[in-house]
Amino acid sequence: MTDGQNDRSLEKYRRMQRIRQFEDLAEAIHAQGEIPGSLHTYAGQEASGVGACMALDDTDYMVGTHRSHGHPIAKGAKLRPLMAELLGKATGICKGKGGSMHLSDFSVGSLGETSIVGSGVPVAAGAALGSKLQGNGRVALCFFGDGATNEGAFHEGMNLAAVWALPAIFVCENNGYAVSTPASATVPVKDVAERARAYGMPSIIVDGQDVDAVEAAVAEAVGRARTGGGPTLVETKTYRYADHAVNMGRVLLDRGGEVDEWRKRDPLALYRAKLIAGGTAAALLDAIEREVADEVADALQFARDSAWPEQAEAFDDVFVDRLPIPDFITA
Amino acid sequence: MAKATFLEAIRQAQYEEMTRDERVFIMGEDIICNVFGTTTGFVDAFGTERVRDTPISENGFIGAAGGAAMVGMRPIVDATISSFLYPAMDQIMSIIAKSRYIYGGQARLPLVIRSCLFYGNSNAAQHSDRNYSMFMNVPGLKIMVPSNAHDMKGMLKAAVRDDDPVLCFEDSTCWMSKAELPDDPDFLIPLGKGDIKREGSDVSIIAIGGAVPLALKAANDLAAEGISAEVVDPRSLVPLDKELILRSVRKTGRAITVDPAHQTCSAGSEIAAIIAERAFDALRGPVLRIATADTHLPFSPAIEKALYPSPERIVAAARKLVGVRQPENA
Ligand SMILES: Cc1ncc(C[n+]2csc(CCOP(=O)(O)OP(=O)(O)O)c2C)c(N)n1
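Chains as they are written, first to last, in UniProt numbering: chain A, 1 to 331; chain B, 1 to 330.
Source of the hints: derived by calculation from the structure; they are not laboratory data.
Certain hints may be false.
Stated by the list, open to error - Some chain A residues near chain B, calculated using beta-carbon distances under 10 angstroms: (1) S38; (2) G98; (3) T114; (4) S119; (5) G257; (6) Q311; (7) A314.
All figures in this text were calculated on a predicted structure; none of them were measured in a lab.
By construction, the Cβ of each residue, glycine as well, lies at the ideal position given by its N, Cα and C atoms.
Hey, can you work out the whole structure from these sequences and the hints?
This is how it looks when you write it as C-alpha cells:
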C-alpha cells in the first residue's frame, strides 16, 4: 500500500468511526433528555454513506434524508456545529432551526437533509442541472431509502435527470425497511436498482457493508456523470440496527435474529479487519478511534457550552430580511 | 361508557364503523404495526384486505382512496402526520375536492383522510404543521378538528358515514386527554354542529382543536379576576356552525379567536371576518385573533413554544377587551 492509499483508507475508517461514535453519544444524551425531538440513527449504514461521499470531490453536492447524521459527517462536516444542532443551540449548523432530521452543512456541499420522504430527489436533479448549466463539472449525489422510491417525487426526479442527462448519482440506501414495512411488501421488483430501467438509466448493486466497494461503485457513476454520461442509480444493500427512530414506542418490530446476523457484517469491524490484513498496524486504528472519541467529546462540550438561540431568531431566515416580530413576543 | 383517550376514541370509531359497514376499509403507512395505537386488533378482526399497509406514496394512495370511493367503497386513509398531506396535494385538491362538481354530481366520494397535527415537540418545520386552514380555501372538502375524545368519536363515526370527503385533523396535544365515550354504536355528532364548552357572559373565546383546552384554562384564570368567558368550540370548520358563534358573540359583545394555525388566512381569521360582517352591531371592541406567529416552527425548544397560542396570551387579550376588572369582593 502506498502512503496515499493508506491515508485515504484511514480517512474512510475515521469518518465511519466519527458517525458511529457521534451517534452513540447522541443516543445516550437523547435518553437523558438532552436532545429534544426524534432521533433516527444510521448505525449499520456507515460504509454506504462514507464510501459514496469519498467518491465525491469536496465541491460536489449531496442531498440526504431524515436519517441525517451520517451523510454530512461522511461528506467531511465538522462535528461541533452538528452536535450543537442536535441540542438546539444557536451555534448549531442550522442555528437550532433544523435539529436531528436536518443536519445539513452547506459548506461541505450538503444541500439539505430533508425529512419529507422522497423530497430530496428532485433537489439533487436540480443541483445537477445547475452544475450542467454552469459548466462547473460538479456532480450531485442524492441519498434516500428504499421506501422513498415509492414516492412520486422520486420518479419525477429520476425521469428529469435521465431525459436531461444530468450529472446526478442516486444512491438508494436499501436497509430493507421503511419504519416497520419491509421493502418486499412495497417494492414490486426484487431490487430497487431495477427501477432505473424505466428511465433508461444504468444501475449498480453493491454490498453496502463494504466501504471500498461502495466507493468504487459510486466512483464509476461519478465518472459517467462528469463526462456527460448522465445519471446512475446505485443501490447499496445495507441495514439499520436500531428501530426506525429512538423511542418510537409502539413499533416493536420483531426482526428475529436478523439484527445479529447483520452485526456480524458490521462495516466498521469489516474494514478494520481488512486494513489490518493489509498491513495497517492495529495501534494506528486504535489511535484513530481515540482521536475520534476526543473529537466527539469536544463537540458535545462545545454544544453544551453554547448559548440557546434568542427568541427573535425565530423570525430570521424565513426571508433574507428578518420578519417583523409580533407584539406578544416582544412584550 | 368508560373513560378513554382521544387515540382510543379514534380506534373505537373506526372499529365500530368497520364492523357496521363492510365497505369501510383503512389504509396508510405502517398501519399494521399500529404506530399510534389507533388500529389495535384490527388485522385480527378485519384481515389484511381491509387493513392495508401502503407504500410511502401519499399522492398515490390518497388518490386511490378517491377512486375506491367513486366505485362504492368508503375508505379511511391514515396519512399519519398532516405535513404528509403535501405530497398528496394534487390528488386532494384536483381530484377529491373537485370531481363531484366537475362531473355534474355524477361522482360521490365518501372517504375520510385522517392526519395528526404534530406540533410543539421539537420536530422542526417539516413536521409541525397545523394546516387545516389551507384546505378550507378549496370548496368540496369537509374539515373537522375535534378537541376532546368524546367529540372525536362521535364526529369520526359521522365522517365515515358522510357521503362527502372529510379531512379529519387530530391535534396531538389532545391525544392523551380522556373523556367518557358512549358505547352506543350509533353515537354520532354531525359535522357542522359546534359546542359551547363553557358558558360565560363577558367575552366569547372561539377556539380550535388543541386551543380549546388552552381557552378553558384561560377562562378559569379569567373567572378568578371576575371576567366571565364563554368558550366556543366549532369542532368542524367546514361546515362551520356560524349561528352558534354569532349567538355567543351577540350575547357577550366581545370575541377572541384562538387558532393553532399560522395567523395569516387562519381559520380564526375567517371566523373573525364572519363576526365582523354579521355581528358588528353587537361588538363592544375589535375581534382579536390569537394564532401561531407567522414564521416556521424551529427545532430548538428554547424558541418554539412561545410562538403558539397560550393561556397567558388569551388572558391578556381578554383583559384588554373587557378592561381590567376587580374581583367582586375586592
Ligand atoms: C412524505 C412522507 N411520508 C411519510 C413520512 C414518515 N416517514 C419518515 S421516515 C419513513 C420511512 C422511510 O423509509 P426509507 O425511505 O426506506 O428510509 P429509511 O428510514 O429506511 O432510512 C416514513 C414513512 C415522511 N417523513 N414523509
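Hint by hint, which ones does the structure fall short of?
Per hint list: single violation, 5.
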